[in-house]
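Protein sequences, first through last, are from chains A and B.
Here the first sequence stands for residues 1 to 138, numbered as in the UniProt record's numbering.
Here the second sequence stands for residues 1 to 388, numbered as in the UniProt record's numbering.
It is worth saying that the hints were derived from the structure and are not from the lab.
Glycine included, each C-beta is placed from N, C-alpha and C at the ideal position.
Treat the hints with caution; some may be incorrect.
Using C-beta positions, here's what the derived DEER-type ranges look like [to be verified]:
no.: 1; chain 1: B; residue 1: Ser121; chain 2: A; residue 2: Arg137; range: 50 to 58 Å
no.: 2; chain 1: A; residue 1: Gly104; chain 2: B; residue 2: Arg192; range: 40 to 48 Å
no.: 3; chain 1: A; residue 1: Gly31; chain 2: B; residue 2: Asp29; range: 57 to 65 Å
no.: 4; chain 1: A; residue 1: Glu50; chain 2: B; residue 2: Arg192; range: 51 to 59 Å
no.: 5; chain 1: A; residue 1: Glu88; chain 2: B; residue 2: Pro185; range: 50 to 58 Å
no.: 6; chain 1: B; residue 1: Asp263; chain 2: A; residue 2: Ser128; range: 27 to 35 Å
no.: 7; chain 1: A; residue 1: Met1; chain 2: B; residue 2: His161; range: 27 to 35 Å
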Amino acid sequence: MLEPVTDTDGAPFWAYAARGELRVQACAGCGTLRFPPRPCCPRCRSFDTEWRLVSGRGRLWSYVVPHPPLLADYAAVAPYNVVLVELEDAPGIRLVGNVVTRAGAPLDSVPPGRVRIGARVQAVFDGSGLPAWVLERS
Amino acid sequence: MPGPGSGQGLKDATAIVGIGQTAFAKHLDEDERTLACRAVLAALDDAGIDPGEVDALASYTMEETDEVELAKAVGLGDLTFFSKVGYGGGGSCATVAHLAAAVATGQATVGVAWRSRKRGSGPRPWTNTAVQLATPGQWTRPFGLLRPADEIAMLARRYMHEYGATRDHLFNVALACRNRANQNPAAVMYDRPLTREMYMTSRWISEPLCLFDNCLETDGALACVVVSAERARDCRGAPVYVHAAAQGLPAQHHGMVNYWTDDPLTGPAWTAARHLWKHADLTPEDVDVAQIYDAFTALIPLSLEGYGFCGRGEGGAFTEQGALEIGGRLPLNTGGGGLSEAYVHGFNLINEGVKQLRGTSTAQVPGAATCLVTAGEGVPTSALLLRN
Numbered sequence: 001m002l003e004p005v006t007d008t009d010g011a012p013f014w015a016y017a018a019r020g021e022l023r024v025q026a027c028a029g030c031g032t033l034r035f036p037p038r039p040c041c042p043r044c045r046s047f048d049t050e051w052r053l054v055s056g057r058g059r060l061w062s063y064v065v066p067h068p069p070l071l072a073d074y075a076a077v078a079p080y081n082v083v084l085v086e087l088e089d090a091p092g093i094r095l096v097g098n099v100v101t102r103a104g105a106p107l108d109s110v111p112p113g114r115v116r117i118g119a120r121v122q123a124v125f126d127g128s129g130l131p132a133w134v135l136e137r138s
Numbered sequence: 001m002p003g004p005g006s007g008q009g010l011k012d013a014t015a016i017v018g019i020g021q022t023a024f025a026k027h028l029d030e031d032e033r034t035l036a037c038r039a040v041l042a043a044l045d046d047a048g049i050d051p052g053e054v055d056a057l058a059s060y061t062m063e064e065t066d067e068v069e070l071a072k073a074v075g076l077g078d079l080t081f082f083s084k085v086g087y088g089g090g091g092s093c094a095t096v097a098h099l100a101a102a103v104a105t106g107q108a109t110v111g112v113a114w115r116s117r118k119r120g121s122g123p124r125p126w127t128n129t130a131v132q133l134a135t136p137g138q139w140t141r142p143f144g145l146l147r148p149a150d151e152i153a154m155l156a157r158r159y160m161h162e163y164g165a166t167r168d169h170l171f172n173v174a175l176a177c178r179n180r181a182n183q184n185p186a187a188v189m190y191d192r193p194l195t196r197e198m199y200m201t202s203r204w205i206s207e208p209l210c211l212f213d214n215c216l217e218t219d220g221a222l223a224c225v226v227v228s229a230e231r232a233r234d235c236r237g238a239p240v241y242v243h244a245a246a247q248g249l250p251a252q253h254h255g256m257v258n259y260w261t262d263d264p265l266t267g268p269a270w271t272a273a274r275h276l277w278k279h280a281d282l283t284p285e286d287v288d289v290a291q292i293y294d295a296f297t298a299l300i301p302l303s304l305e306g307y308g309f310c311g312r313g314e315g316g317a318f319t320e321q322g323a324l325e326i327g328g329r330l331p332l333n334t335g336g337g338g339l340s341e342a343y344v345h346g347f348n349l350i351n352e353g354v355k356q357l358r359g360t361s362t363a364q365v366p367g368a369a370t371c372l373v374t375a376g377e378g379v380p381t382s383a384l385l386l387r388n
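Here chain B stands alone, though its shape is the one from the complex (with noise of 0.2 Å):
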């Protein structure tokens, strides 16, 4: 297995040897950071590693507990290194790419990645009217365009204008994330199948977009546990590699109001697509189960053209048949995703990622052996491809 100093950059150098969450639910009752602390310890333990020996972290901008509040209360060790990615859920992927290159580079050993939110208990972000940024706030909220969905939703638009995608085809994304949290007794919505009918007499949040189009609103915490390849051989469970990684904030890209480019319909994917696969083994043919962000349907379509899985506007034709259930050509969100297990600004992803290379899915994919993760479309991105 190549490591550092191999010449080989990132490539299946760092490995996620942990994973750990807390229960998920629309209300939860301890507050984030003890879920946090909660989130991280089970990742440790799953890994087998002290807390001790965590000398690196890794988490969002918008996380609210601090690395010095999380660091004292479980007891991780001297930390030498520690970053946070912007975005909100586009910083997902990133957390991890942070830390395999923190340790494939020598920078640390033991790093920690996670994400506690009470969005489910808390207030909706597009509610707070003090706090709004002057770049894009002016030039959209006096008009009405308040939330992520609106702002989604008019791409949407546009896409389905342009390339005959369907409601249909948004249906396909919800159904796939449902039946999937149907077999996952963690997932928010376990219990709660989605048929057709329900989905097309749903009401609207913002036209084109149904409330089943858009992600929960979960109380959770996530964390994962990242080592060097070498050191992942020593550990508990099975290394599941990161064999490439890749964040992607493409020239003249406006965040979720895309729409002063040549093309809007083309996003941060596009960009981290080609980093991704540019230093990869492997081809978007060799993917056997994804898991892509999910905070509205209308972003796997947009995804999958980003990440090559089809030609620009196939996304919607894409989830035809099946193909984003298990036995499809492309399984996923195996977990139930954003849309239905938990909304935990795509965390819940990765470890979903994690469970599937291990063959401890709920919905495993048989002999399933690569997985690719991203991180929310529509806003700076970032990617992983996972191999075990």
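In isolation and in its complexed conformation, chain A is listed as follows (with noise of 0.2 Å):
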């Protein structure tokens, strides 16, 4: 599986995620939350950053189930979901991720079929540093 490959400004994000912190880069003049983060802010355009725990709480926007031809780690557990989380605490910032059964299930743990949109969705962590999604009880 791909790992992400980082740069300055996203560093941060995967850091708190390996601590299983779900944090979102926030200015720290005006408070307006940015993603993906960069270095200022588009609003007041202070260069100083904060990074704001938000709950993990989300709602599926969209969704994908992807076929082959993919790369060979991800061709072994197509099909599987790839959602797009519209953050609670942040609307207009939507993370990439994937609804798995528990933090550390695989990608194609939970059917296909129990994905939709409107869906709500925690955010789950396994130590691998990347976020997963759980279903929440509906």
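Two independent chains are provided; combine them into the complex using the hints.
Shown next as structure tokens:
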């Protein structure tokens, strides 16, 4: 599986994720959340940033189900879901991820039919450094 | 005809006077550089202009034959303007736009735009894991969102959910392109008709997009020649004027994975369109035929909305009742497009627009006088409004 090839701006996100925290970059000047992380705030142009802890709750904005041809590691678990999660505490920030049965479960652990737009999800971490998402009981 | 210094800006100041192309195929034996040379020379021959007169070039940043190689190989003159446009297929129309700007402002007199690509023979770009962009790759690829098809399918799913667009609407797009390709002997899919059953039972690539929602993988090259409107009158064929041109990178847009804005379903087309229509004497209702970038069928409904052919959310319904076929409200991609003629980063759409306005298309729209050509939607884009 591909590891995130990160950069100066993105590195803190992954460092927090490795500790099991979902944090979003925010402007320390005006408080505006932004994603993906960048050097300065497009609203007030401040270069001062902080990383705000978010609840990890969200709703599925969209999803796809990739089929081969894919990179070998992904082809092995295809078809799997890739979802776009709109964060409850930061509308407009939508994180790409996978809905799985539990932290550490493979990408194809949830039947594609159970994934639908609007479903409530919660971020989970298994120590791999990648956040994953589980469906909330409805 | 208004020319340089007339205060009219770009409007009708320049014209496309020559087009050239190689064969299109899944595999061609010649390399990209050779194909580039052949397409450029064919375009200059079509214009009746000696290669030694060329003083401007424009292409894509992804083009691998650079200006030095091309100019030296085909014997161009002293170049005083050369530019390359980024964002893959989003740059197609901008190559012509840059040349038009250069010619209209006196920086050059004869410009050639081109694209040569062996995407059929070569590797799929997304399979390269050694080179991946930190942004946005780190936010998408580890989760298995690997290919452009996956990235656009994400928007397509949301679009279908929000507006009730269906797979039949996407099929209408695929079918219109295939029907035109079936009239075009140069098209890769010339002898391969498409049926609804074939579409609905084809394999998935990235749900909700199936095989026929994806463009071809093609080897081929194309070029066109841009000169001033004044010069165009002396060229071999009838000029096709660049009536308006625009690029579009909306505020806070984020390329193909435009997921991090308030409204991801409003893309670069809207920005390019505002500029295009503002500087044109025409409106969407005046467009006789359109060549709309079709790397994926789902880009067409979005572009129809963005360029103002219908309202927000109406792009799917617009495709109904043969609207995109010859005789319909807006005949689309009349050479077959990227879906069924050739996928050469949209350059074939430019040349097909010229053919329509010369009256020489293999699927000619009777009396076509205006043509919209667009570049890749979902990435920083560009567009041309052509007239004869």
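Results for each hint:
1. At about 51 Å, the beta-carbon gap between B/Ser121 and A/Arg137 stays in the expected band of 50 to 58 Å.
2. The supplied range of 40 to 48 Å is met by A/Gly104 and B/Arg192, whose beta-carbon atoms lie about 46 Å from each other.
3. At roughly 60 Å, the beta-carbon separation of A/Gly31 and B/Asp29 lies within the given 57 to 65 Å, and the hint holds.
4. Range check, A/Glu50 to B/Arg192: Cβ separation about 57 Å, and the 51 to 59 Å hint holds.
5. Distance hint for A/Glu88 and B/Pro185: a CB-CB separation of about 56 Å, consistent with the stated range 50 to 58 Å.
6. The given range of 27 to 35 Å is respected by B/Asp263 and A/Ser128, whose C-beta atoms sit roughly 33 Å from each other.
7. Between A/Met1 and B/His161, the C-beta spacing of about 28 Å keeps the proposed range 27 to 35 Å intact.
Checked against the numbered hints above, the structure violates none of them.
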